[in-house]
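Chains as they are written, first to last, in the numbering used here: chain E, 1 to 651; chain G, 1 to 143; chain L, 1 to 288.
These aren't lab readings, by the way, just hints derived from the structure by calculation.
Any given hint could be a false lead.
As the list claims (entries may be wrong) - Okay, the calculated beta carbon distance ranges per label pair:
no., chain 1, residue 1, chain 2, residue 2, range
1, E, Ile649, L, Leu233, 27 to 35 Å
2, L, Gly286, E, Ala72, 49 to 57 Å
3, E, Leu84, L, Lys285, 55 to 63 Å
4, E, Met572, G, Gln138, 38 to 46 Å
5, E, Gln4, L, Ala279, 23 to 31 Å
6, E, Ser241, L, Ser149, 46 to 54 Å
7, E, Gly624, L, Ala242, 36 to 44 Å
8, L, Val11, E, Lys609, 51 to 59 Å
9, G, Asn26, E, Arg578, 55 to 63 Å
Unchecked claim - Result set (DSS-like, lysine-lysine): computed pairs, CA atoms no more than 25 Å apart in a straight line:
no., chain 1, residue 1, chain 2, residue 2
10, G, Lys74, E, Lys611
11, G, Lys142, E, Lys582
12, G, Lys139, E, Lys482
13, E, Lys582, G, Lys74
14, E, Lys489, E, Lys415
Unchecked claim - So the derived list for chain L, only partly shown, Cβ under 10 Å to chain E, looks like this:
no., residue
15, Phe50
16, Leu53
17, Ala77
In this text the structure is predicted, and so the values were computed from the model without any measurement.
Built from N, CA and C at the ideal position, the CB exists for glycine as well.
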Amino acid sequence: MADQMMAIAILLPVAAGFLVLAVRNYYVRNVIVIATAVVLIANSILLSLRGPFTYTPGGFDWGLLITVLDYAILIFYLYVGISLRNWLVLIFALTQILPLAYFEFVMKAHIEVAPAFVVDHLSLVMTMVISIIGSLICIFALRYMYDHEHHAHIEKSRQSRFLFWLVLFLGAMNGLVFANNLVWLYFFWEVTTLCSFQLISHDRTKEAIHNAARAVWMNSTGGTAFILAIIYLYATQGGSSALSMQSIIGGGIQSSIAVLPIALLCYTGFTKAAQMPFQSWLLGAMVAPTPVSALLHSSTMVKAGVYLVLRLAPVYAGTYLSTVIAIAGAFTFFATSALAVSQSTGKRVLAYSTIANLGLIIACAGINTPLSIAAAILLIIFHAISKGLLFLCAGTIEHQIWSRDIEDMEGLAAKAPLTTLITAVGILSMFLPPFGMLLGKWIALEAAYIVPLAAVFFVLASTLTIVFWTKWLGRLLQVLPKIERPFEKLSLSYSVPLWTLLTGIFVVGIGIGPIYQNFLRAATNDVVSGNQIIAVGLNNLILTTPSFMQRDILGLFPVWPLYLILIVALLMPLLLIRVKPKELRPVYMCGEQTGAIDTDEWLAEADRKTKFQLGGYYYQGTLGEKRINPWANAIAILLLVIMLGCGVIVL
Amino acid sequence: MRTMGLIQTSRVKSPWILHFDNSSCNGCDIEILACLTPLYDVERFGMVNMGNPKHADILLITGPVNRRTARVLKNLYGQVPDPKVVVCVGTCASTGGVFHNCYNVLGGVDKVIPVDVYVPGCSVRPEAIIDGVVMALQKLAKL
Amino acid sequence: MMIKQFLFVLVILVGAPVVGGLLFGIDRRITARMQGRYGPPIIQPFYDFFKLLGKEHIAVSRLQFVWIYGYLVFMIASLIFLVMKSDFLLLVFLLGFAGVCLVLGGFSTKSPYAHFGANRELMQILAYEPVLLLLAIAIYAQNGSFLISEIFKQDKPLLFTLWPLFLAVLYVLTIKMRKSPFDISTCHHGHQEIVKGVTTEYSGPYLALFHLAEWYEIILLLGIISLFWTNPLWVGILIALAAFLLELFIDNITARMTVGWMVRLSWSVGLILGIINIAYIYYTKGVS
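Turn these sequences into a full structure, and let the hints steer you where they fit.
In structure tokens, the structure reads:
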């Protein structure tokens with residue numbers, strides 16, 4: 001049984017990808033992708049019901065295949081670097097190939113790590129996120145790419161190629177979260193980078209290819225660190241347990257594992273999660289079609305980075321490295337939230353917000369108490385759902401107004417009320433009670449005092465998130481007085497993922513008590529033992545203090561009462577209040593409007609008809625990239641140096 | 001009946017003002033603003049000068065109406081929610097005053113919107129303005 | 001026990017707006033006296049409220065009513081959290097949701113004055129929210145718990161160790177009460193720089209709801225200030241009322257300043273006071 005489930009999780013998407021690549025018919029492709037999606041979702045649920053297990057695939061020298069494919073990918077990067085004259089890509093491909101070859105041939109490391117795959121509760125959480133949200137995004141991509149190519153008048157359809165990489169990626173992610181063998185983990189890591197490159201450069205514009213190359217070289221520095229960590233571990237430990245994630249975690253710093261490889265692996269996680277100073281690759285990746293941004297660059301691939309840092313948390317617990325990781329994550333959370341305020345493109349706001357929340361998750365991993373680890377896992381889940389939904393909304397909006405600029409989204413509530421409603425719920429779910437993201441942030445804040453500097457950064461960043469989300473939602477809502485606004489029609493490929501994710505926000509949010517009790521507590525225990533959250537049915541989430549505090553209860557979050565308040569506050573008025581036509585009045589413009597109630601024309605000097613225009617506030621002078629990037633990148637680099645220094649000086 | 005009494009009393013006790021100047025010489029406007037100063041202090045009657053028609057009960061209008069301000073006046077009058085009263089302050093607002101023959105002047109405010117109280121004067125004394133508003137409040141109480 | 005709590009909450013819910021309205025009336029009266037005038041009667045806010053209830057329903061957009069209800073309900077929810085001595089950090093987040101609803105209400109119509117007002121209100125939130133969150137963390141650092149009930153169990157009042165944050169909270173009070181120099185997004189009674197800012201497009205019964213929410217808000221804020229001295233509570237309430245009078249005084253001696261100045265001032269002064277406070281507690285008490 002384990003054979004089949006693992007094969008479905010990892011190999012089925014690969015096979016489906018190749019099948020999709022071969023098929024040219026739009027409808028047959030859709031059927032293949034939807035069928036794969038359904039099977040993947042069912043499989044992930046069955047895996048979760050089965051519970052943890054270990055697995056080593058037999059019957060074939062998978063290790064050899066992986067090694068060959070590793071070199072293939074790296075040689076492909078060399079080719080990319082040479083053909084694009086991009087020396088950074090070339091250099092960082094070389095810094096991976098050469099150590100890898102050294103590891104392979106000089107150190108003669110032919111090791112069988114057993115078990116190759118370890119599926120524990122954390123992996124099960126990740127695979128459910130990947131399978132369910134990833135599959136929904138693939139379904140969204142079906143119609144999205146069709147409209148994308150039609151709008152851009154592309155004659156030779158490249159949708160097959162797009163869907164190939166998108167579906168293949170799901171398999172790579174599943175492999176990543178299950179892998180116990182570090183070399184295999186490295187392989188899946190590199191496949192995700194490759195998918196990212198192919199998907200970012202899909203449109204083949206100069207900008208897209210340039211940004212894809214930047215993604216490759218930045219992630220390649222992470223890959224280099226990964227290989228160096230592998231070499232160091234094998235050189236100092238030796239044997240097959242050196243490269244087994246479980247033995248590394250089980251050993252901990254107290255045993256003979258040095259801090260340096262852990263610091264290097266955390267550096268790898270930082271690059272994948274686009275933490276400062278590496279945020280520019282994620283920002284650049286926003287040129288790609290929206291399903292790419294939704295799947296790779298918010299819900300899933302970047303979560304691989306935080307997953308690695310989270311996995312390693314028990315190893316660096318109690319060291320200075322942990323504190324530095326917490327501060328670095330918190331600083332990224334703060335700086336990117338500030339930057340998001342100044343962005344006027346929707347997807348860039350979402351990108352900065354993603355990096356910010358990843359910083360929050362990494363900071364929680366660095367704080368390293370049972371409470372903060374639980375917060376990290378909750379944030380991973382809720383962020384994947386909400387941010388995935390928001391990116392899909394951004395894509396839907398883009399295909400209705402054919403623009404990504406927030407200023408063009410003004411008054412969307414009039415042009416596309418249904419999309420605005422879904423986007424509004426998505427935006428509110430990112431930063432307000434009672435939704436899950438706020439629950440995670442609340443737990444993180446309650447756990448953060450251990451590293452007070454991180455707590456201060458959390459506070460500042462939370463406030464900044466309020467500003468940019470509310471600003472954006474406000475622009476969507478600004479409409480002129482009018483009564484009739486019928487909901488627009490959305491294609492099934494758009495609406496099914498949107499509604500499913502929206503329902504998911506509420507279902508997982510309201511049911512967080514039982515979900516935590518039955519499922520997430522075990523996942524937290526996989527990382528750090530001890531439990532500080534008590535879920536009382538659907539009612540309360542009670543946070544208890546760690547054992548060295550005198551008080552019993554740290555904090556209290558009444559789940560369903562808050563949802564009830566939300567319904568009374570917003571849902572009931574939305575459904576019950578009606579406005580009659582005779583009650584409608586024009587907006588106040590000192591009386592200068594011409595004529596009808598829903599006009600935005602007014603008479604300027606000499607009775608000249610002018611439209612009045614509103615502009616959003618973006619505070620470019622104080623919070624723009626030019627102002628913030630120099631010092632923020634400098635501090636981030638300093639923190640990275642300190643982090644790696646903690647590894648070298650063995651603190 | 002008792003609730004109606006409560007709201008009616010409140011209407012009289014809390015008149016919020018929108019002060020609009022058509023095209024007056026500002027003499028009457030200055031007298032209106034003088035009412036708000038500590039010497040006359042109309043805030044003790046609950047009168048507050050809201051700059052916003054949607055918040056107002058009483059429109060205090062000065063100056064004669066011309067073609068441009070007629071449009072603006074209609075727009076503002078439409079934005080004031082019921083119940084409302086209109087008080088013309090000054091001779092120009094009542095009948096056009098010294099400007100009533102000008103080619104661009106339509107006349108007094110009642111050419112455009114229904115008026116409840118006329119307060120003549122050029123310019124009007126603050127005491128007369130207060131008297132006029134009180135008269136308007138008595139009308140408001142009956143609405 | 002449950003019935004007793006429920007009745008207590010009910011009494012607070014009914015009594016808070018009454019006391020809040022009276023406080024606003026006293027505010028106008030004392031301000032008038034400071035300006036050498038007589039001023040309206042103390043129950044003037046209630047006259048305003050009932051008059052607004054009797055106005056015609058007019059609308060500019062349907063959504064603006066949804067947000068004003070959101071503002072009111074979340075404000076009441078925050079007050080209930082305070083009264084039931086629940087989690088203080090969650091209270092701050094609920095208060096934040098109320099503020100966001102108000103801002104979105106201003107944004108829900110394409111009106112220039114509401115647009116400016118909403119953006120300025122958002123800047124006000126940016127100015128005061130960090131101080132409230134730092135207060136939550138400082139309460140935890142001092143007591144070991146975020147629950148308000150734990151504050152009541154302490155012997156030493158919070159004011160002794162958290163006095164820098166108390167000063168910072170006075171800034172918050174000035175901003176939230178919309179008093180000069182921070183009466184920037186929408187002002188009480190007659191300031192017309194941006195017409196009425198956030199509340200420009202509201203009228204009649206919905207404006208009455210806005211005022212009702214403000215009455216709840218002032219009771220909530222004074223309640224938060226009285227947490228600084230809970231043993232006995234009447235001292236805390238006196239301190240809160242003294243702070244209230246101080247705000248009136250500050251209002252009458254300062255003029256309105258700019259948004260940028262407000263954010264810079266509260267981020268520098270408020271944050272520094274908060275950070276020094278928390279750092280001091282961290283280094284003296286440790287993480288215990």
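Next item on the list: For the range 46 to 54 Å, tell me whether the beta carbons of serine 241 (chain E) and serine 149 (chain L) fit it or not.
Entry: 50 Å, holds
Notebook entry, point to check: If you check the beta carbons of leucine 84 (chain E) and lysine 285 (chain L), does the distance land in 55 to 63 Å?
Noted result: 57 Å, holds
Check: CA of lysine 142 (chain G) to CA of lysine 582 (chain E), is that 25 Å or under?
Finding: 24 Å, holds
Next item on the list: With a cut-off of 25 Å on the C-alpha distance, tell me whether lysine 582 (chain E) and lysine 74 (chain G) pass.
Entry: 16 Å, holds
Next item on the list: Identify whether the interface hint at alanine 77 (chain L) stands, where standing means a beta carbon of chain E within less than 10 Å of its own.
Entry: 5 Å, holds
Check: Lying within 51 to 59 Å: is that true of the beta-carbon distance valine 11 (chain L) to lysine 609 (chain E)?
Finding: Check passed, 58 Å falls within 51 to 59 Å.
Note to self: Please check whether asparagine 26 (chain G) and arginine 578 (chain E) have a Cβ separation lying inside 55 to 63 Å.
What the structure shows: 44 Å Cβ-Cβ, so the 55 to 63 Å window is violated.
Notebook entry, point to check: For the hint on leucine 53 (chain L), does the least C-beta distance to chain E fall short of 10 Å?
Noted result: 16 Å, violated
Margin query: Can you verify the interface hint for phenylalanine 50 (chain L): is its Cβ closer than 10 Å to any Cβ in chain E?
Written below: 21 Å, violated
Next item on the list: Return holds or violated for the Cβ distance of isoleucine 649 (chain E) and leucine 233 (chain L) against the range 27 to 35 Å.
Entry: This hint is violated: roughly 53 Å between Cβ atoms.
Notebook entry, point to check: Would you say the C-beta atoms of glycine 286 (chain L) and alanine 72 (chain E) sit inside 49 to 57 Å of each other?
Noted result: Roughly 54 Å apart at Cβ, these two residues keep to the hinted range, so it holds.
Notebook entry, point to check: Do the Cβ positions of glutamine 4 (chain E) and alanine 279 (chain L) conform to the proposed distance bound of 23 to 31 Å?
Noted result: Violated: the Cβ-Cβ distance is about 57 Å, outside 23 to 31 Å.
The structure shown violates the earlier hints numbered 1, 5, 9, 12, 15 and 16.
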